[in-house]
Each structure stands twice: as C-alpha cells, then as structure tokens.
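J.: Input sequences plus hints: build the corresponding full structure.
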Amino acid sequence: MKSISLAILVSILIVALLLLNYGFLGNPQIEESPEFFVGVDVAYADLPAIKGLIDKISSYTNLFVIGSTGISYDEIKLDETCRYLYDQDMYFIIYSHDPRSLQLISDIEKKYGSHFLGVYFNDEQGGKQLDLFEYRWVKEADNYTDAANQFVEGLNLRLNRSFTRNETLPQVVPSDFRL
Numbered sequence: 005m006k007s008i009s010l011a012i013l014v015s016i017l018i019v020a021l022l023l024l025n026y027g028f029l030g031n032p033q034i035e036e037s038p039e040f041f042v043g044v045d046v047a048y049a050d051l052p053a054i055k056g057l058i059d060k061i062s063s064y065t066n067l068f069v070i071g072s073t074g075i076s077y078d079e080i081k082l083d084e085t086c087r088y089l090y091d092q093d094m095y096f097i098i099y100s101h102d103p104r105s106l107q108l109i110s111d112i113e114k115k116y117g118s119h120f121l122g123v124y125f126n127d128e129q130g131g132k133q134l135d136l137f138e139y140r141w142v143k144e145a146d147n148y149t150d151a152a153n154q155f156v157e158g159l160n161l162r163l164n165r166s167f168t169r170n171e172t173l174p175q176v177v178p179s180d181f182r183l
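In this text, residue positions in the sequence shown follow the working numbering: the first is 5, and each later residue adds one.
Hints are computed from structural coordinates only; laboratory data are not their basis.
Honestly, I wouldn't trust all of these hints.
When the alpha-carbon atoms are kept at most 30 Å apart in a straight line, the in silico DSS-like pairs for lysine-lysine are as follows [what the hints assert, rightly or not]:
id, residue 1, residue 2
1, K143, K60
2, K81, K115
3, K143, K55
4, K81, K60
5, K143, K114
6, K115, K143
7, K60, K115
Simulated restraints on C-beta separations [claimed, not checked]:
id, residue 1, residue 2, range
8, A47, L161, 23 to 33 Å
9, V44, H101, 40 to 50 Å
10, H101, D150, 19 to 29 Å
11, S63, G117, 42 to 52 Å
12, V142, G117, 32 to 42 Å
13, E144, D111, 37 to 47 Å
All C-beta atoms, glycine included, are put in the ideal place defined by N, C-alpha and C.
T.: Written as structure tokens, this is what we have:
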C-alpha cells in the first residue's frame, strides 16, 4: 500500500513538473498546442510485460517513465523500449542515478528527439533527507535556513559534479515525495 501511494505521488509530481516546464512556462507563440502528459512509471525490466502494458495504456496515456536501471543501463533494452514507445507516439523519461549512463541517454535523445522528455535523476533527495538516510546532505544545522542552505548546496554540488563531464545535457526531471 505504501509503495502504491508513493508511486502515485511520484507520478503526480512528474506530471506537475512537466506541466510547469512545458505548459505554463513555455512561450505560447512558439508552441502551437501545449502538451498535457499523463502516464505511468514502470520500475521493472521485463520487456514483454512492458510492451504489453504500453499496448494496453497507449490509447489513453502519452507518457512513460522508464524507471528501471535494468533497462536504462542496458543499451539494447533501452533502445528497444524507446523504439517501441516512439512507434506508439508516446513520450518518455528515463530514470538514472548514475551520471556515467548519461552518454547512452544522450544518444537516445538524439535518436528519438522530442519524444524524449528528460532524465529522472537522483531520486527523492528531499525525502531521503527527511527520512535520515545515511548519505543525506544535512547531518546537523543551526536552524531551518542553515538546513535549507546546506541541502541546496549539497544537491547543487551533486548535480554539477554529475553533469559537468558531459558536453550536452539532457533535461533533468526531479521527483520527490517530500520537499
């Protein structure tokens, strides 16, 4: 039950962020008709099951989050999944927590163009902080402002360190269950 609620919340956050990025903040003169994204996040690597799910949902969704590193770190599986989504005219986001996979994702971005919406990177840092995860950014703070500053500084450091090695950066799509 907790994992279902978490998956629903993550999906809602992703949709909200995409709406802000592609709907409300975009230039209406450039975009003829803004997209509204509704979809699912799948965190398993069973390609036949994923293709079956895509067939089932593609008539009423347009977004698919490839949430399994079993796919996102495997060039063949990733390309096959993205091709299948592209052929169904679905948009997709790829989960990764390893900056070394960004070259593979950059290749996907070039191949599938606007159907690739970005990288869902560094999952749930705010929630991990609040849950007192071992590798959290803030271990001790003098006050809320200090805690917020330490958190933002640590997260920026992680993102900058992850992405400065790459010439072309994909759109980064954050997600969190508590921020």
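J.: Starting from the range 32 to 42 Å, see whether the pair V142 and G117 falls in it by beta-carbon distance.
T.: 39 Å, holds
J.: Could you check the hint for me, namely that V44 and H101 are 40 to 50 Å apart, CB to CB?
T.: 20 Å, violated
J.: How does the Cβ-Cβ distance of A47 and L161 compare with 23 to 33 Å: does it lie in that range?
T.: 27 Å, holds
J.: Would you mind confirming whether the straight-line C-alpha gap from K143 to K114 stays at or under 30 Å?
T.: 40 Å, violated
J.: Please check whether H101 and D150 have a Cβ separation lying inside 19 to 29 Å.
T.: 27 Å Cβ-Cβ, so the 19 to 29 Å window holds.
J.: Taking 37 to 47 Å as the hint, is the beta-carbon distance of E144 and D111 inside that range?
T.: Since E144 and D111 have Cβ atoms about 42 Å apart, the given range 37 to 47 Å holds.
J.: Check whether the Cα positions of K81 and K60 lie no farther apart than 30 Å.
T.: 20 Å, holds
J.: Going straight from one Cα to the other, do K60 and K115 come out at no more than 30 Å?
T.: OK: K60 and K115 at ~25 Å, within 30 Å.
J.: Is the gap between the beta carbons of S63 and G117 within 42 to 52 Å?
T.: 23 Å, violated
J.: Taken at face value, is the distance from the CA of K60 to the CA of K143 at most 30 Å?
T.: 45 Å, violated
J.: Holds or violated: K115 and K143, Cα atoms, limit 30 Å.
T.: The hint is violated at about 42 Å.
J.: For a C-alpha distance cap of 30 Å, please report whether K143 and K55 respect it.
T.: 43 Å, violated
Checked against the numbered hints given earlier, this structure breaks hints 1, 3, 5, 6, 9, 11; the rest are met.
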